[in-house]
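Trainee: Construct all of the structure, not just a fragment, from the sequences and the given hints.
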Amino acid sequence: MKIANKLIRILSFGVETNKSRDFAEKATQLNLITIPSLLIFIILAIASLKAALPVAILNFFTSLVVLVLLFMLLRSNRFSSLGLGISYVFAISILTNLILGSSNLILLAATMLLPQMFYSSTTFNKASVTLLVFAVLLTIVLFVLPVMGLPADNIFYANRYYISVGYIIYLTAISLLSFLKNRQLQELEIKNIELKNDIKKRSENLAKLSHDIRTPLNNIVIISNILSNQIQEEKLKDMIDTIQASSNNLMSTLNSMIDLSISEMPKDSDVLVPFDLQNTLNNTFRLFSTQSGTVSFSFKYDERLPKNLLGDPVKLKQIFLNIVESIIKNKSSQKVILDIKINKMQEAGDGVDIYTEIKTNAPLLLHHADGVSSTNLTDGSTALSNQVFIEMLDLKIAAKLIRENGGKLNVKLTSQDSQINFNIRLLKVPTALKEEIQQPEGKEQGINEIVPETSEISKAEKFTTIDVKLENANVLLVEDNLINQKIVLLSLKKLVKNIDVAVNGKEALDKFGTSKYDIILMDVQMPIMNGYTAAKKIREIEASTNSHTPIIAITANALMGDREECLAAGMDDYISKPFQIEVLIQKMRNLLEANR
0 MKIANKLIRI LSFGVETNKS RDFAEKATQL NLITIPSLLI FIILAIASLK
50 AALPVAILNF FTSLVVLVLL FMLLRSNRFS SLGLGISYVF AISILTNLIL
100 GSSNLILLAA TMLLPQMFYS STTFNKASVT LLVFAVLLTI VLFVLPVMGL
150 PADNIFYANR YYISVGYIIY LTAISLLSFL KNRQLQELEI KNIELKNDIK
200 KRSENLAKLS HDIRTPLNNI VIISNILSNQ IQEEKLKDMI DTIQASSNNL
250 MSTLNSMIDL SISEMPKDSD VLVPFDLQNT LNNTFRLFST QSGTVSFSFK
300 YDERLPKNLL GDPVKLKQIF LNIVESIIKN KSSQKVILDI KINKMQEAGD
350 GVDIYTEIKT NAPLLLHHAD GVSSTNLTDG STALSNQVFI EMLDLKIAAK
400 LIRENGGKLN VKLTSQDSQI NFNIRLLKVP TALKEEIQQP EGKEQGINEI
450 VPETSEISKA EKFTTIDVKL ENANVLLVED NLINQKIVLL SLKKLVKNID
500 VAVNGKEALD KFGTSKYDII LMDVQMPIMN GYTAAKKIRE IEASTNSHTP
550 IIAITANALM GDREECLAAG MDDYISKPFQ IEVLIQKMRN LLEANR
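Residue numbers (numbering that gives the first Met the number 0): 0 to 595.
Derived by calculation from the structure, the hints in this document are not laboratory data. Note that the coordinates shown come from a computational prediction; the quantities given were computed from them, not determined experimentally. Backbone N, C-alpha and C fix where the C-beta goes; we use that ideal spot for every residue, glycine too. Relax, there's no trap hidden among the hints.
Cut-off 30 Å, straight-line C-alpha distance, at most; resulting in silico cross-link-like pairs (DSS-like, lysine-lysine):
#1 LYS411 to LYS334
#2 LYS485 to LYS536
#3 LYS510 to LYS493
FRET-style restraints, in silico, Cβ to Cβ:
#4 LYS299 to ASP349: 25 to 33 Å
#5 GLU592 to SER384: 40 to 48 Å
#6 GLU390 to LEU481: 39 to 47 Å
#7 GLU356 to LYS190: 48 to 56 Å
#8 GLY512 to THR122: 52 to 60 Å
#9 ILE482 to THR122: 55 to 63 Å
#10 SER331 to LYS427: 34 to 42 Å
#11 GLU390 to LEU194: 20 to 28 Å
#12 LEU481 to LEU184: 47 to 55 Å
#13 LYS190 to ARG74: 33 to 41 Å
#14 LEU235 to LYS427: 27 to 35 Å
Mentor: Take a look at the structure:
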């Protein structure tokens, strides 16, 4: 196999590196027949130098012409005309060799290669007709050789019946094989087209499903963020944080549905919030209090850990929600007891490494792997890799979030119990900021970025450090959905100078032509004129004025290629729903600063 591949690479003359795949395949196939035929004619020329000079001259000339045509074929894109020309040169030379009285049997080899050469260089019908004409001419030449004064003992004349009949039979077999090959290729092409259409249809359905889910989910995420920053009552705040964590888990599940790999999923911007780790975990486990007949918790917390740490409590809730829900879903006993230990690994620099161990009193069931699904996990199953267990227990969300926080999720399953452990790194609260954490005992801070408490700045405005340019920005929001309009206006109206609304791309162009905007937030799917077209037309207008207005695509389209399509339309950045409002604000600020 290796020798064959190497030989094919040599005979292709590197055509696959600088031509289209279709051209390279055809040229390589023709080369595999042309090169041996060319060698045959060179040998014929050399062998005829002393005995038959005219035959030698003919074959040297044939070889030269074929080399020129082959060189032109490899340098140009005219495969059909040049490939067919090579085949005609060989066919004419074979007949001329016979007329001149050539008696070298190696000429038969070139004659046998000729049908494959024609079928490789042109269409099946054209090749079949040409070869039929060649067969007739070959028979005529073989039977009139004596009339031309050639000796009767010439090997081709002496065996003319066998050669004619045998060649016709051979030609018929080759034609049938070529026909069968063409028919199979056509059937494969039809199936390939049908498969592509089916994949396209499925992709469109997935895109529509993703879009329809992301739009309302985005509203839930943004509203819960706003409420989280305005509500101080511990129980209500905990419920809001749980809504955020559950929404994020739903988002990850949606990404899995549309076959986005975990590595390709966009990493959320880091949010550093001071929070009480022990209280956060207690509140998370309390969510399962209604399932007291199904699950109970034994929680041991290392008192050496600092009371307040910097991190994202929502993501931390996501991790534990994903793990606990997976354990409950896959439990093998009627009631599962979870022994949870939170230990301090080490404290270095500005960070604290934390080790978490979750152990169950019974084994877990595996329902998601071929050949491993059973009522109990056998000891032999422990040979499976850690990643396989993560996939089978649907812990991809937790594994991804832990990995983003510098840790690793490990799963150990036996026939007696189950153990899940991971390490994460959280930051210590700087001494200068500890005095600014004004919250009751055991309560989590809810803002997404630490800023001094002032009477002039409301909770809704603490999403990020507000840049002066952003505060004075005139924004155009292009969005056809009324609920989405209200959500964005509610989130941004206190952070920017002014927001105008357009319900489609055409209205956005009209407003753009009469007002000066510092930044545009553009939806993609809209009636009358979509966001792609509107962005392109805005860029066309700006080309004549030497200006540039930043455009951010805010869309529920989040499949592979959607971001590239937005950027190709002239947009500067892209954010998919659902998104954190802090991320949108940061993107706006970055573009405004870059556009100064």
